[in-house]
Amino acid sequence: MVGKPTITLVIAVLIATTIAAASLHTSSEATGVNSEEMRNIMEAVYNSLNISNVYHHIRSLSSFKSRVTGYDGYYNATNYIITEFRSMGLKVTVQEYKVVVPVDYGASIRVVTPEGVVTKEFEAYALWPNLVQTCSTPPEGLSGKLVYVGKGRDFEIEGKELSGSIVLMDFNSGDRWLRIAELGAKAVIFIEEPDMLRMQALMKVVPHPLYFPRLYVDGVVGEELRRLSSEGGYRVIVTSTVRYELKKVYNVIAEIEGTQSPNEIVVISAYYDSWSVVPKLSPGADEASGIAALLEIARLLKTSKPLRTIWLVALSGHWQALAGAREFVENYYFHYVNRSRYILLQVNLDLSTGSDILSIQYASYFYQYGGERCYPRYSKWLVPALMSKYVPLIKEVMGVENLVPRYLRNGILSEGWTADIPISYIIDSEPLSMAGGIGITLLTAKDYRFIEGTPLDTYDRLDLKNLEPQVTISSLLAACLANDPEVTIDYGEISPKRLYVAWGAGAGFVTLSGYVLEYNASKAWYDEVPNALVYVVDSTRLADIFSYMFTFSDTRGRFEIHGLAAVSAWQWGGAAARRYLVEAWIVNFSDGRVVYAPDRGPYAWTYDVVTDRHPTPAYPVVFRCEASYTISSVIDPDSLSSTAFLDRSYQQISIVRTPVTVQILDFDTYNPFLSYGLELYQPSGLLTVFLPLKGVKILVRLDKTTGILGFLVNATPEQPEGLGLSVTSPINLLTYPYLRFASDMFYVAESRYKALSTYMVHDLIVEKYL
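Going by my numbering, the first residue of the sequence shown is number 350, and it counts up by one from there.
Simulated from the structure, these hints should not be mistaken for laboratory data.
Just so you know, not all the hints are guaranteed correct.
DSSO-like, lysine-lysine: derived pairs with alpha carbons at most 30 Å apart [to be verified]:
| id | residue 1 | residue 2 |
| --- | --- | --- |
| 1 | Lys738 | Lys795 |
| 2 | Lys469 | Lys414 |
| 3 | Lys414 | Lys596 |
| 4 | Lys440 | Lys414 |
| 5 | Lys654 | Lys440 |
| 6 | Lys795 | Lys744 |
| 7 | Lys414 | Lys447 |
| 8 | Lys597 | Lys440 |
| 9 | Lys447 | Lys597 |
| 10 | Lys1103 | Lys1053 |
| 11 | Lys509 | Lys469 |
| 12 | Lys814 | Lys654 |
| 13 | Lys729 | Lys795 |
| 14 | Lys744 | Lys814 |
| 15 | Lys1043 | Lys1053 |
| 16 | Lys814 | Lys414 |
| 17 | Lys654 | Lys738 |
| 18 | Lys744 | Lys651 |
| 19 | Lys846 | Lys447 |
Derived Cβ-Cβ restraints for the label pairs, each shown as a range [what the hints assert, rightly or not]:
| id | residue 1 | residue 2 | range |
| --- | --- | --- | --- |
| 20 | Tyr797 | Glu842 | 30 to 40 Å |
| 21 | Thr468 | Arg1050 | 41 to 51 Å |
| 22 | Ser1106 | Pro1021 | 29 to 39 Å |
| 23 | Asp809 | Pro1008 | 43 to 53 Å |
| 24 | Lys597 | Phe504 | 49 to 59 Å |
| 25 | Tyr1118 | Glu464 | 51 to 61 Å |
As the structure is a computational prediction, the values presented were derived from the model and not from experiment.
Ideal placement from N, C-alpha and C gives every residue a C-beta, glycine not left out.
Between the sequences and the hints, there should be enough to build the whole structure, so can you do that?
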């Protein structure tokens, strides 16, 4: 029998529990506005929205020549956004951080007549780097005969002298420029075309340290160069200077203080930088749709006086592996908020004009943080509120019956989170989600974003009618989240998490820090290497150039990068670990020569880092490099195809691939070098070897699990066992690789079989094919 004191105690505990639970909720019905007032607020927002303001912002922002983070147009855009926020009477804070970007200092093409007279000079533009290799030329430039090859198809290059030439090529030529390089060309010049596409732009870059200068010219210059090429006898001298630099850049934060719940913060964000494969020509009109909508939403919410505090955040560094978003989370989510003042959730805008359909996304290809690991965090309150409360209100206000699925799709799914997005994408709300918060992005669905990433992303090419329903829905959703009185999220569920691992779930936002090292044989230990270019990339995203996080080591060799994903979940067999590749380089950007390269020899430490602690340590080892040797067309001879395939829509290397092992040996001793480097990018069949000295001869052997892929020994009929590949200059590239692989293997096999035949060893199949 339960006594009265026990009943009293139980009641007291229940009351205390109820009060504690209520205190964890971010808001309650008693302190908020009622549903009728909320609808009135939404109608006021709807009636006040002026889509012409959005168009004006797009036109203004895209008028800057380039908004690539760290370029002059980017800083102009920063000032424009600050001015707009302040004109609305908003409190503005500027967050400063640093990011590494390639800076184009200019390129030119000088035309030389058959008599050796420079007659004309044209302006050109460098393309985005191949990983650490920019498009710089030596100060004196690269000189060669001007040869036009159209789109680089077989019939267009047949009979043309490409070795030692400067090749002129149409932009829409896929990745055939790689073949032009292996045929001995010194550089390539791409000509603007009226229908350049995003996919074509991405095919002009490889995530591999291939030194091969690539330039771009507009259509007028390209036509003149075509004419000169057809006349024959003209040479050109191309010069280009591009350097990776550490730039001081900014996130801009404007605040609207809440009228009733000022300590609850809703972040509404958009990125305002742009990207183009020609970084100096990046107007980014389509990309400006999100930030233009943010500026209009700022005006609307300022007028409506929201219930809770709104942070309107203009993020930069989007294409630098979400650098701005990662730094915002690191500084504001972890070091600013606490239980008394915290970020409730983030709504990010990533709009474009190729479609009028919005999708609510919570995961992207940067962290790939979707599915059961984090879905419960969204399904508890946000998804029901979005689909059962906000959508009916928006339908009513807009007068649109079929809002879902005609204009709005739900991408917050436990499976298939890519929803209706047909391309690889990264979203600026994902870092907050990775850190344990709730972040969603309103992303334009069913849009291939054809002109983004090209110099043609200009205002006159936009289909602006597709933007109005997206901006309208985004504005109304923002108003709902700013004023909904019934938000019930426990702070414990959205508090910042460095490392959180649970059964089938997990989160974490860790810092990677360490030192760049070089082995010093004289003291049998390592020295720190200052001013090295360091990158970190998720091991599953090696093909995505926007997943590489760059920084420089400081004067003591130390580096630090924020925002790596932690161990993602606890599953059968242990924790599902995140692995990152960490490498360091020093490159002479004046001539493209690699000075220090990642060391793969016995003194190297691991480059494959597991982010299972905060901070995660990393110690990439480099060595003094004197020469590099690039070999292309590393294929599987059994299938005559690549050893791995790239899904270009999603920039993902296929899971099914042929494992390749590379051996680099000193040809004279058949011993490995104590320090050497190698980089293999299987989808393009590119292998680059880095050596501690030049003037040597090397043997390159490639193996797979079922046998030898091939080897290179520089064999001849007179020397069938080979002479070794001669490494005579700082930058070397093997020409005609298919022929070299085939001839070397043939001469070695023929010689050895003849030797066996003298001992009466015969094989009819071998004799048939030899």
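Taking 30 Å as the top limit, are the C-alpha atoms of Lys744 and Lys814 close enough? 19 Å, holds
Can you let me know if the beta-carbon spacing of Thr468 and Arg1050 is within 41 to 51 Å? At roughly 49 Å between Cβ atoms, Arg1050 and Thr468 fall inside 41 to 51 Å, so the hint holds.
Holds or violated: are the alpha carbons of Lys440 and Lys414 at most 30 Å from each other? Judged against 30 Å, a Cα distance of about 29 Å means the pair holds.
Would you mind confirming whether the straight-line C-alpha gap from Lys814 to Lys414 stays at or under 30 Å? With Cα atoms ~25 Å apart, Lys814 and Lys414 stay inside 30 Å; holds.
Are Lys814 and Lys654 close enough, with their CA atoms no more than 30 Å apart? Holds. Lys814 to Lys654 sits at ~29 Å (cutoff 30 Å).
Straight-line alpha-carbon gap Lys509 to Lys469, limit 30 Å: The given pair, whose Cα atoms are some 24 Å apart, holds under the 30 Å limit.
Should the hint that Tyr797 and Glu842 are 30 to 40 Å apart at their CB atoms be regarded as holding? 36 Å, holds
Starting from the range 51 to 61 Å, see whether the pair Tyr1118 and Glu464 falls in it by beta-carbon distance. With a Cβ separation near 53 Å, Tyr1118 and Glu464 satisfy 51 to 61 Å, so the hint holds.
Restraint check for Lys738 with Lys795, where alpha carbons must lie at most 30 Å apart: Roughly 25 Å separates the two Cα atoms, so the pair holds.
Cβ distance range 43 to 53 Å for Asp809 and Pro1008, holds or violated: Distance hint for Asp809, Pro1008 holds at roughly 49 Å.
Please work out if Lys597 and Lys440 have their alpha carbons no farther apart than 30 Å. 22 Å, holds
What's the verdict on Lys1103 and Lys1053, does the C-alpha distance respect the 30 Å limit or exceed it? Satisfied, since the Cα-Cα distance of roughly 26 Å is no more than 30 Å.
In this structure, none of the earlier numbered hints is contradicted; all agree with it.
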